[in-house]
Amino acid sequence: MNALLAPIRRLGALSINAIWRLGFISRFFVAILLNSGQSLLRFRLTIREVYFAGVLSLIIIIVSGLFVGMVLGLQGYNTLARFGSADALGALVALSLLRELGPVLAALLFASRSGSAMTAEIGLMKATEQLEAMSVMAVNPIARVVAPRFWAGVISMPILAALFNVMGIFGGYLVGVEMIGLDAGTFWSQMQNNVDLHYDVVNGLIKSLFFGMAVTLIAVFEGYDATPTAAGVSSATTRTVVTSALVILALDFVLTAFMF
Amino acid sequence: MKRSTIDLWVGLFVAIGIAAMTFLSLKVANLTPQSGSETYMLTADFDNIGGLKVKAPVKSSGVVVGRVTKIELDTKRYVARATLTLDKQYQFSRDTSAEILTAGLLGEQYIGLVQGGDPDNLASGDRISLTSSALVLEQLIGKFMTSFAEKGTQDAPAKTE
Amino acid sequence: MSSDSFIELKNVSFAYGDRPILQDISLTIARGKLVAIMGGSGSGKTTLLRLISGQVLAQKGQVLVNGQDVGRMSSRDLYQHRRRMGMLFQFGALFTDLSVFDNVAFPIREHTRLPESLIRDLVLMKLNAVGLRGTEALMPAELSGGMARRIALARAIALDPQIMLYDEPFTGLDPISLGTIALLIKKLNDALGTSAVMVTHDVHKSLEIVDHVYFVAGGKIAAEGTPDEVRHSSSPWVQQFVQGEADGPVHFAYPATDSLAQAFGIKGETA
Numbered sequence: 001m002n003a004l005l006a007p008i009r010r011l012g013a014l015s016i017n018a019i020w021r022l023g024f025i026s027r028f029f030v031a032i033l034l035n036s037g038q039s040l041l042r043f044r045l046t047i048r049e050v051y052f053a054g055v056l057s058l059i060i061i062i063v064s065g066l067f068v069g070m071v072l073g074l075q076g077y078n079t080l081a082r083f084g085s086a087d088a089l090g091a092l093v094a095l096s097l098l099r100e101l102g103p104v105l106a107a108l109l110f111a112s113r114s115g116s117a118m119t120a121e122i123g124l125m126k127a128t129e130q131l132e133a134m135s136v137m138a139v140n141p142i143a144r145v146v147a148p149r150f151w152a153g154v155i156s157m158p159i160l161a162a163l164f165n166v167m168g169i170f171g172g173y174l175v176g177v178e179m180i181g182l183d184a185g186t187f188w189s190q191m192q193n194n195v196d197l198h199y200d201v202v203n204g205l206i207k208s209l210f211f212g213m214a215v216t217l218i219a220v221f222e223g224y225d226a227t228p229t230a231a232g233v234s235s236a237t238t239r240t241v242v243t244s245a246l247v248i249l250a251l252d253f254v255l256t257a258f259m260f
Numbered sequence: 001m002k003r004s005t006i007d008l009w010v011g012l013f014v015a016i017g018i019a020a021m022t023f024l025s026l027k028v029a030n031l032t033p034q035s036g037s038e039t040y041m042l043t044a045d046f047d048n049i050g051g052l053k054v055k056a057p058v059k060s061s062g063v064v065v066g067r068v069t070k071i072e073l074d075t076k077r078y079v080a081r082a083t084l085t086l087d088k089q090y091q092f093s094r095d096t097s098a099e100i101l102t103a104g105l106l107g108e109q110y111i112g113l114v115q116g117g118d119p120d121n122l123a124s125g126d127r128i129s130l131t132s133s134a135l136v137l138e139q140l141i142g143k144f145m146t147s148f149a150e151k152g153t154q155d156a157p158a159k160t161e
Numbered sequence: 001m002s003s004d005s006f007i008e009l010k011n012v013s014f015a016y017g018d019r020p021i022l023q024d025i026s027l028t029i030a031r032g033k034l035v036a037i038m039g040g041s042g043s044g045k046t047t048l049l050r051l052i053s054g055q056v057l058a059q060k061g062q063v064l065v066n067g068q069d070v071g072r073m074s075s076r077d078l079y080q081h082r083r084r085m086g087m088l089f090q091f092g093a094l095f096t097d098l099s100v101f102d103n104v105a106f107p108i109r110e111h112t113r114l115p116e117s118l119i120r121d122l123v124l125m126k127l128n129a130v131g132l133r134g135t136e137a138l139m140p141a142e143l144s145g146g147m148a149r150r151i152a153l154a155r156a157i158a159l160d161p162q163i164m165l166y167d168e169p170f171t172g173l174d175p176i177s178l179g180t181i182a183l184l185i186k187k188l189n190d191a192l193g194t195s196a197v198m199v200t201h202d203v204h205k206s207l208e209i210v211d212h213v214y215f216v217a218g219g220k221i222a223a224e225g226t227p228d229e230v231r232h233s234s235s236p237w238v239q240q241f242v243q244g245e246a247d248g249p250v251h252f253a254y255p256a257t258d259s260l261a262q263a264f265g266i267k268g269e270t271a
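Residue numbers (UniProt numbering), protein chains in the order written: chain A, 1 to 260; chain B, 1 to 161; chain C, 1 to 271.
The hints are simulated quantities; they were obtained by calculation from the structure and are not laboratory data. There's no promise every hint is true.
Unchecked claim - With a cut-off of at most 20 Å between alpha-carbon atoms, the simulated SDA-like pairs for lysine to any residue come out as follows:
| no. | chain 1 | residue 1 | chain 2 | residue 2 |
| --- | --- | --- | --- | --- |
| 1 | B | Lys55 | A | Leu197 |
| 2 | B | Lys70 | A | Phe260 |
| 3 | B | Lys27 | A | Ser96 |
| 4 | C | Lys33 | C | Leu207 |
As the structure is a prediction and not an experimental result, all values here were calculated from the model.
Using the sequences provided together with the hints, build the complete structure.
The structure is reproduced here in structure tokens:
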């Protein structure tokens with residue numbers, strides 16, 4: 001009987017724990033918003049974090065964007081050519097990037113590059129009593145450490161997504177026009193005729209703004225909530241990447257349903 | 001407060017971001033029709049608009065001169081009324097005709113305008129009276145099939161005779 | 001108690017969940033004195049410090065600092081209270097992403113609007129006080145354990161606190177660094193006139209520098225007195241602690257509920 005109940009009990013404990021953490025993360029989000037004054041007034045704190053979260057992610061975003069665009073160009077051409085509409089390649093590449101691939105892939109890359117780094121950094125600060133030292137010095141760690149990182153993530157994410165889109169379109173152009181030999185004019189005009197500024201470009205960037213908030217919130221929360229040991233920080237870092245990936249994809253579905 | 005290399009990098013980062021967003025809005029999306037240039041509106045009634053959509057281009061001799069901004073059903077006469085927003089620099093005569101065309105065999109539908117000979121031009125809010133509807137593929141195939149069948153029935157007795 | 005007492009704990013009890021840490025503790029720390037709290041690991045010494053800094057709140061009793069109850073402070077009062085307080089953490093807790101200079105300047109920058117040139121002078125003064133001027137460009141990772149502790153001390157005294165809390169300041173240091181830190185703590189306390197509480201289990205070094213000692217055991221004050229009184233105490237408990245003997249009034253074995261034989265599953269035996 002007990003052996004039968006054990007998995008159910010474990011499942012129950014797991015769900016209760018999940019709800020507990022959901023409540024805690026919501027409260028944490030409110031705390032960040034309430035303590036954001038400093039990161040906006042002393043903007044240098046945030047600028048520093050934009051450097052670590054955004055600037056240092058540039059390379060991975062540029063390279064991945066380029067390759068994703070090139071793959072899109074190749075696959076898109078092969079499929080479209082079957083229906084005799086290879087001319088629509090520009091539109092295909094741009095629309096898939098702007099609406100879905102750009103925001104989602106950039107956010108996934110951001111979560112694994114910058115999100116995990118944020119978690120590890122805050123977790124280590126906690127493990128080495130730095131956060132406690134700060135609060136004993138009458139400095140609120142949420143205002144001084146967490147909020148600037150959160151806002152840096154929110155600022156960086158749309159920029160990185162936009163850059164990812166541009167690189168992807170460039171990659172698609174390279175394959176479609178330079179390699180396969182489609183007409184450059186058709187490529188761009190097809191794109192321009194089918195891409196709507198508000199509907200496709202702006203909505204995509206709004207998506208990435210939401211992803212940025214979600215990923216950085218998860219990252220700083222996991223760091224702040226980490227068990228202050230080496231093992232604790234390492235598992236918190238893993239959780240950041242896994243949770244972020246799931247949340248990005250789920251949120252993408254919800255936002256897409258709302259927007260398009 | 002000293003300036004540091006981090007500021008330089010972050011500045012560059014933001015500049016790249018702005019450049020990327022500008023590229024997306026100007027080169028990838030089509031910002032141009034709304035951007036500053038003045039427009040005027042015309043309406044055109046069609047028996048059938050086929051697959052025409054809002055935002056579809058309006059072309060004259062292949063040049064984009066405006067876009068379809070509204071499509072509605074006139075419930076008195078039961079025809080589709082399309083509202084076209086055209087660039088003010090392109091003026092058309094009163095007997096201009098509008099037809100719904102398809103780019104390629106299965107491509108997007110757009111409205112083509114053909115300039116007439118009337119010396120007076122259409123003013124904003126005017127209606128284009130000469131219109132021809134979209135070619136609906138099913139109807140086309142249907143017509144083709146019937147004519148084929150009719151031809152068949154005409155031919156068949158001829159052979160048996 | 002005397003009117004000179006600056007920090008006063010009255011009948012304080014504290015527990016983490018069901019596990020009692022402190023039971024009905026009362027102690028006083030006079031203004032300008034350096035007081036040591038000693039006891040074995042896990043005896044609740046660090047909890048005492050956290051009570052004074054307001055990081056944890058007493059479940060019973062009062063923690064008075066300068067007449068104010070820390071447990072009843074609003075968060076604004078608590079921040080005011082902490083600004084008058086410096087704390088040296090067990091391993092220094094230097095901010096690893098900031099240089100030595102920025103670490104020491106941190107509390108000054110957070111709490112004052114001083115011009116950068118003045119902050120520079122203050123930081124150099126504090127670094128000079130701990131004998132480490134010239135290290136300001138280094139990162140914490142480049143410092144030895146003893147140096148890091150001294151930088152952390154400089155950071156703790158950056159705003160000239162009225163209260164200093166030392167959490168195990170001697171842990172993990174070589175004898176020379178240990179001597180340096182002890183000397184600095186003594187010197188700074190005399191020079192700044194701060195009231196200081198030091199939690200430690202390093203008996204000999206502490207007895208050389210402190211004014212008064214409290215021994216904590218089992219969540220209670222086991223003994224107290226001046227260093228001289230402690231050295232010549234007749235209490236077997238104090239003697240065990242001062243001499244560092246393995247067994248005595250404090251038992252070597254954790255009070256297990258069953259005997260070793262029972263734990264091994266050998267039946268029929270009772271302890």
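Against the structure, the hints come out as follows:
1. Lys55/B <-> Leu197/A: holds, 12 Å
2. Lys70/B <-> Phe260/A: Judged against 20 Å, a Cα distance of about 19 Å means the pair holds.
3. Lys27/B <-> Ser96/A: holds, 16 Å
4. Lys33/C <-> Leu207/C: Cα-Cα ~13 Å, so holds.
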